[in-house]
Every structure is written in structure tokens, then in C-alpha cells.
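Novice: Using the sequences provided together with the hints, build the complete structure.
Just so you know, the sequences run in chain order S and P.
Each residue of the first sequence is one higher than the one before, starting from 1 at the first, in our numbering.
Each residue of the second sequence is one higher than the one before, starting from 1 at the first, in our numbering.
Simulated from the structure, these hints should not be mistaken for lab results.
A hint or two may mislead.
Only some residues are given here: those of chain P computed to face chain S with a beta carbon under 8 Å [to be verified]:
1. Ala-29
2. Leu-31
3. Phe-40
4. Asp-43
5. Arg-116
6. Arg-200
7. Ile-206
8. Asn-213
9. Met-267
Listed below are the simulated SDA-like cross-link pairs for lysine to any residue, each with C-alpha atoms no more than 20 Å apart in a straight line [said to hold, decoys possible]:
10. P/Lys-280 x P/Gln-262
11. P/Lys-268 x S/Gly-232
12. P/Lys-280 x P/Asp-179
13. P/Lys-268 x S/Ile-31
14. S/Lys-269 x P/Arg-233
15. S/Lys-269 x P/Ser-224
16. P/Lys-268 x S/Arg-290
17. P/Lys-280 x P/Gly-253
18. P/Lys-268 x S/Glu-35
19. P/Lys-268 x S/Ala-43
20. S/Lys-269 x P/Cys-220
21. P/Lys-277 x P/Gly-287
22. P/Lys-277 x P/Ala-182
23. S/Lys-269 x P/Arg-221
24. S/Lys-269 x S/Arg-290
25. S/Lys-269 x P/Gly-287
26. P/Lys-268 x S/Val-32
The beta-carbon is built from N, C-alpha and C at its ideal position, and this holds for glycine as well.
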Amino acid sequence: MRLLPSERLAEFRECLAAGGRLYGPVEVDGIVRFEELGGRLPAIEPGNPANSLKSFLHPQTEVVFDFEGGYTDVALRVPGPPAAQAIFGVRPCDAVALERVSRVLLAEPFADESYRQRREMTAILTVACREAGPHCFCRSVGVSPADGRGSDVVLYPADDHYLLEAVTARGLSVLLSAGALLDPAGDEAARAACQSTPVPPVRGLEREDLPARLEAAPYHPHWEELARRCLGCGACTFLCPTCYCFAMFDTVRGTRGRRSRGWDSCQFKDYAMMAGGHDPLPTRASRIRRRFLHKLSRFPAVQGESACVGCGRCAAACPVGLHLAGVLSELEEVLR
Amino acid sequence: MTDHQAALRDIAAKLLGGGQVATFIGFRAGLDPSRPVPHFVRDASGAGALVINPFCGAGLARHVLEALEDGPVGILVRGCDGLGLERLIADGRVTRERLHLVAVACRGAVDPARARAILGRIPERAEVDAQSVALIAGEERRSVPRDSCLLGRCLSCVDPSPRLADTWLGEPLPSGQRDFEAVTRMERQPAEARYAFWSRQFQRCIRCYACRNVCPACSCRSCSLDDPELQERATGLADQFGFHFTRAYHVAGRCVACGECQRACPMKVPLSLLNEKFLKDIRDLFGVADPHRPSATEPLACYRPDDLESCRGEAR
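Specialist: Structure representation (C-alpha cells):
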């Protein structure tokens, strides 16, 4: 347990920046999003930045390798290992989400090497929440505003200081490197305040029989109703901190080319298209149903936890109000 | 606008009950009162769920494409929806005869996020007039300037009423002429400043394609953006410029300035400004007074043998 006086926040930032690239939430053109902090302090506002933490560990697109040559003699150029980075000002739900993503991408025997390397080079400094944002519902999915899962360091804000707690060995070394700025004291009140931050619940989400209710109604007409409204864009999935799907794609120019990987969205047409032409998710309704079942039934069945952490980004972003909290509230009415 | 709710429900119920339409597209209440969602009524008994108020922000035009597969469509139409439908009709994607348009004049839609930030809680009702907006929650009623809480696209709107209509709710409002003030301001900036501005905006893009999927001018059944060979999915700055310029050029001359792209963008990229530049150029270069309103003589969409740049010499 250490205390960081608020007036030393800039020095603490410099200390983090000395260890590699440093990112945090900043407001630019009226939008708060994670960006390289530079000389700015993280904008700690209720709720989440527009983009999610996953962008830094599971980037939207990355180069797998560049290739050049003919049919038999192909030369590959693989990018170097990722650089050290720290993300300062993450919210607990985002860090918990990363822990969920890690369960999938780090599962042996097919651990995602690129993700693993990035995770090892990344320090996640989470600021616990004293106030819920407009779309937050973490408590409804078993996440707390003071959750430490997935974080390396958690900062609990108080009026004129932060209580710092190292969650991992990586977090401990961050605190050691900033030791000169920190007072060796505790502040249980700061932690307790975050633990008791009220977060409005989402109707239907806390039901224990939710997965069974969803699985029992695969052809309910309400999925069709949702499909009429849905635009089929990927905003919900790309902003969701637990969505991890990606696709590989090659771009070839003559004898040279690049293999890349990039986020894919289950809401896109052809997402599940297979060689031979079979598409198990041929309609928008089937793709919407898949998204909600995956988050709330299939992922929990395999991993024991929900694949929604209540960050509220889908609610803030969906152009037609087709987000998790809203849809569940609708399903509560129609699934009788 | 809210006073037309009963009439709207009545008209929708009659259209559905009489079999004139198979679907009626409007809005119904969402999770909170400031966020109504597009709604598709399929039988007369469901018309009672329709709502109409200044929080109805989403454009409805694009939704007719799928709804028409089930039969004729009735639809609530504001000025922007009307222009979107005109576009779909002009592009041959929709036939006018299969639509029943219930028109209403709109003074602007309230952005629920901005309204909530002003009020500190979710607004329950709003009243919009030509001068100001009243946000109401419980006993509290606050009057604020229009530009503090309306959707960006509504502030530059000059088409409060649709040009096409089968039934009117109330009276139409007069239309105006776009002044392209924001584009003019941008044009005056040096190239470096413009490049820095757009770099900052495009950097945020997450390529979710909400802008494309919501656009009434982007109604192709198959899109080059879905082909990685034609449009790389990479999100470096050059790729982002490539994507946004490609899309802007594809809708150039057909954009109706409804602003749905900008409203739908989860990263608030000011896409309308990009499209407005094309509209302004069409006005200035081709002498079209209202380039965002679909017409039979759109300069980028019609062929004239006497066009200075036509290849008539070779053709003959």
C-alpha cells in the first residue's frame, strides 16, 4: 500500500513514461479516448474512453509478416518484438475484460504469440471508480468499480491523493520504480469508497436462468425484430473490450505482399462463410443472436464468467440503440 | 412534434389494418426516454407503440430496403428521411409506389448524450423551437440554445419538411438554402492545418462501417470495402485517408446531406464536413443551386452529348 499525492501525478506520469510508451485517456475534439499521453494527464472522467484497452494488446490491424519471392523461394520479414508500454487511467471493467480475452488468446496449446508478447510488455494501471458513467452496468455482470482483476496496479482515488495497490509482480516493479513519489501509508477509506460506488442495474442481466432463457428461444421472432433495426455495422464489436475475433488477410502486389491480421466482426456479412460456400450465420438475425448468446451463454459455459463486463460502450455507440442493456430489457418483456 | 403522436398511431394502424402496407417504420421508446429506437410495426395492434418526439434522432430511410422485402412500407418521414428516400428512389433501389410516406416537419433532434451532460440526468421530454430547446426532467425545465444540444446535422439542416408525402401530420415548414459556412471556413485554412485536422479525425476511425451502412446513398448490394484486395483493412493513417476519400468520392453527387454518417459514427468523425465539400464544389462548378436534393439533372449522374468533356467525337 502506497499513497500518491494528487500534485505528484505529473511526476508519476514521467516515471511511467521512462519505462516505455505511455497511453491514457485524453480528450481531443470533444471525445475522450486512449491515446499517447505525452505531456498530458489522464482525463479521469466517469465511464470509459470511446476506444477500449484491447486496442493496445490486440491491435485493430497488425502485420504478421511481409513476403517477397516466387513459388519456391519466399523470403519472409517478420516484425520485431513489441516495445514496452504502459496504459494509465484504465477502468476496472476494461482490465477485467482483458483478463477474459487472455483466457481465449493465451489458452494452450495455441497461445497467441503476438498477444502474449504484448501482454508481457504492458503495464496496466487502473483507476477505480468513484462514480458510474452514463452507460455503466458493471455490477450486473459481476464486476465491481474497485475490481483488480486484469490490472497490474490499481489506483483508488481520494480527495487529494490516490491509494496505490500492486496486483501483480509487474505492478510491484512499477511501484518500486516510482518509490520516491509515494508515501508508505494506507487509506482503507479510499478503497471502501470505490467498493461501494453505486452502479444502476440492468433488468434481466442478474437472472441466474438468463443463459437457459436465451438458449430456449433461438427462433423467437424478437431476433427478427432486432435484425430489422440493426444496421449490420461492427461498432458494438469493435468497441467491445471482450470481443477478440480477428481474420487474416493477404495483400499481394506482384511478387511482394503482406499478411496482416485485423479485427473481424460477427455482425459482418460473410463472417462465418466457409470454404465451399456454407455460411452458418447467413442472416442478420442469426448474427445478432450469436453475439448475445456468445456473450451471455456460450462464453460463460466454457469460461465460467460472462463475456460482458458492463463497460457500456455498445450503449454509447450503437446508432440504433441495439446494445446489450437495451436488448436484454426488451427480451425480459418478450421472453415469457 | 409530440402532439402528432396520436395521429401517427392512428394512420399507421389504418394503413396496416387495411393491408396498404406490410410494415410501418417509425420509432418506439428505448431503454430511456431520451433514446427512442427505430421500430417496425407489423400489424395494426402494434401501432400504439409508436412515439414521435424531439429525441427521435436516427434516420429511417435506409431501413426501407429490407422492410420492402415483406411488402409495401409505410414510413414516418422528416426532411432528412425524405431526401434519403428520394435518393433510394433515384438510384433505382426503391419504387415510390411501394411507399406510403407520413410526413412531419422537424425542427431538429436532441442529442441525448449532450442533453444529459447539460441536465446532469436523463431528460424525460424536450421541446424544440426555432430559437431554443427546453430540456425537461421531473420538475426541472431548462431552456438552452439549439447549438448546445441538438445533433450536429440538425443545426445546418435546411430541409425541415420532406418534399415527398402521402399524408401530412401538421403543416410543412419552409425549406432554406445551405450556406456551406463550415466548409468555407475550412477552405480558408492553410493546407497544413487542414491536413493536421483530418489526420486527427481519421486517426479515430475504427472502420466499423456504420457510416456506410446507414447511408441512403450507399445502398450497393455488394461493396468494394468488403474486399481486402480492393480496400485494405489496415488502419494506418494512409489507409484511413484512403478509405474515407474512397467513400466520399463514391457518394459524391448523390449525398443528400442527411448527416446520418456523422450521427452514426461512434468516433464522431465529422464526415458531413467532408461530404459538404463535394456538395459545395458541385454548386460552384456546375451551378446547381441545391446539390443535396436529388433531381433529374444531377451533374455527376447524367450524360449529356453536348457536355464539353464528353467524347462525342470519337463515339461518332
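Novice: Against this structure, judge whether each hint is valid.
Specialist: Verification of the supplied hints:
1. Ala-29: violated (10 Å)
2. Leu-31: Where the cut-off is 8 Å and the nearest Cβ of chain S is about 4 Å from P/Leu-31, the hint holds.
3. Phe-40: holds (5 Å)
4. Asp-43: violated (12 Å)
5. Arg-116: Since chain S brings a Cβ to about 6 Å from P/Arg-116, closer than 8 Å, the hint holds.
6. Arg-200: Hint on P/Arg-200: holds, closest Cβ of chain S at ~7 Å, below 8 Å.
7. Ile-206: For P/Ile-206, the interface hint holds, since the closest Cβ of chain S sits about 5 Å away, which is under 8 Å.
8. Asn-213: holds (4 Å)
9. Met-267: holds (6 Å)
10. P/Lys-280 x P/Gln-262: holds (18 Å)
11. P/Lys-268 x S/Gly-232: holds (18 Å)
12. P/Lys-280 x P/Asp-179: holds (9 Å)
13. P/Lys-268 x S/Ile-31: Given pair P/Lys-268, S/Ile-31 holds - Cα atoms ~8 Å apart, limit 20 Å.
14. S/Lys-269 x P/Arg-233: holds (15 Å)
15. S/Lys-269 x P/Ser-224: holds (13 Å)
16. P/Lys-268 x S/Arg-290: Violated. P/Lys-268 to S/Arg-290 sits at ~28 Å, over the 20 Å cutoff.
17. P/Lys-280 x P/Gly-253: OK: P/Lys-280 and P/Gly-253 at ~10 Å, within 20 Å.
18. P/Lys-268 x S/Glu-35: holds (16 Å)
19. P/Lys-268 x S/Ala-43: With a Cα-Cα distance of about 18 Å, the restraint between P/Lys-268 and S/Ala-43 holds, given a limit of 20 Å.
20. S/Lys-269 x P/Cys-220: Within the cut-off at roughly 14 Å; holds.
21. P/Lys-277 x P/Gly-287: Measuring from Cα to Cα gives roughly 15 Å; hence the hint holds.
22. P/Lys-277 x P/Ala-182: Holds, at about 9 Å.
23. S/Lys-269 x P/Arg-221: holds (11 Å)
24. S/Lys-269 x S/Arg-290: Holds, at roughly 13 Å.
25. S/Lys-269 x P/Gly-287: At roughly 40 Å apart (the allowed maximum being 20 Å), P/Gly-287 and S/Lys-269 break the hint.
26. P/Lys-268 x S/Val-32: Holds, at about 11 Å.
Against the hints set out earlier in the document, violations occur for numbers 1, 4, 16 and 25.
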